[in-house]
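Using the sequences and the accompanying hints, generate a full structural model.
Numbering (this note's numbering), first residue to last: 11 to 182.
Hints may contain errors.
Computed list of lysine to any residue pairs in SDA-like fashion (alpha-carbon distance at most 20 Å, straight line) [stated by the list, open to error]:
{"#": "1", "residue 1": "Lys21", "residue 2": "Ser48"}
{"#": "2", "residue 1": "Lys118", "residue 2": "Gln164"}
{"#": "3", "residue 1": "Lys118", "residue 2": "His71"}
{"#": "4", "residue 1": "Lys118", "residue 2": "Pro145"}
{"#": "5", "residue 1": "Lys118", "residue 2": "Asp108"}
{"#": "6", "residue 1": "Lys139", "residue 2": "His154"}
{"#": "7", "residue 1": "Lys118", "residue 2": "Arg172"}
{"#": "8", "residue 1": "Lys118", "residue 2": "Glu142"}
{"#": "9", "residue 1": "Lys139", "residue 2": "Asp108"}
{"#": "10", "residue 1": "Lys118", "residue 2": "Leu107"}
{"#": "11", "residue 1": "Lys118", "residue 2": "His154"}
{"#": "12", "residue 1": "Lys118", "residue 2": "Glu169"}
{"#": "13", "residue 1": "Lys118", "residue 2": "Gly64"}
To be clear, the hints were calculated from the coordinates, so they are not data collected in a lab. These figures come from a predicted structure and were not determined experimentally.
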Amino acid sequence: FLEMQCERFEKALGFAPTVYRAHFLRHYGEESERLFASCGLRIDSSLGTPDLHGYRRGTAHAVFPRSGGANLINVPMHSMDVTLRRQYGFEEMERALDGMALLIDRSKSVGGCHVFLSHPHNMEPLFWKGWEDLPIRVAELAQHRAMRFVTIGQHVEEETERRRLLFTNQIG
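As structure tokens, then:
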């Protein structure tokens, strides 16, 4: 099914997809990684859980492929709009933002990133009363902490360069 989706994407847009996130964050370890890589995907952000926000694989950094593993870079997701609302309740967006602030601060302290997913269709005020400005509030939260907003692709490029320089300095 994923192969068909990737082919349809390429036919419609004229280029192949390279970044992926499985719906409901379904990720089955190496089996998923091999499938994603076989479809030409380079970056995956499916590592996460739809039930809790926080660090996946205990890191705020991209997880690069192991030697002999699928050639896929994982960028674990840390928080998602629906998870925050479910975990904190309809009246508790401020508490959710406090929890995100803690994660953003921890990520920044180790030079990492904080991956946040917002579903635009969920920002409908009728259904998300009080939460419809969550993406804006998250952006302000990060900005006040001097964190930048970049795409997952940009983050991986920067992380790849950082790792290359680190490796070069260690052997040079």
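Against the structure, the hints come out as follows:
no. : hint             : verdict
1   : Lys21 to Ser48   : holds (18 Å)
2   : Lys118 to Gln164 : holds (17 Å)
3   : Lys118 to His71  : holds (10 Å)
4   : Lys118 to Pro145 : holds (19 Å)
5   : Lys118 to Asp108 : holds (15 Å)
6   : Lys139 to His154 : violated (25 Å)
7   : Lys118 to Arg172 : holds (15 Å)
8   : Lys118 to Glu142 : violated (26 Å)
9   : Lys139 to Asp108 : holds (19 Å)
10  : Lys118 to Leu107 : holds (16 Å)
11  : Lys118 to His154 : holds (12 Å)
12  : Lys118 to Glu169 : holds (14 Å)
13  : Lys118 to Gly64  : holds (14 Å)
Violated hints for the displayed structure, listed by number in ascending order: 6, 8.
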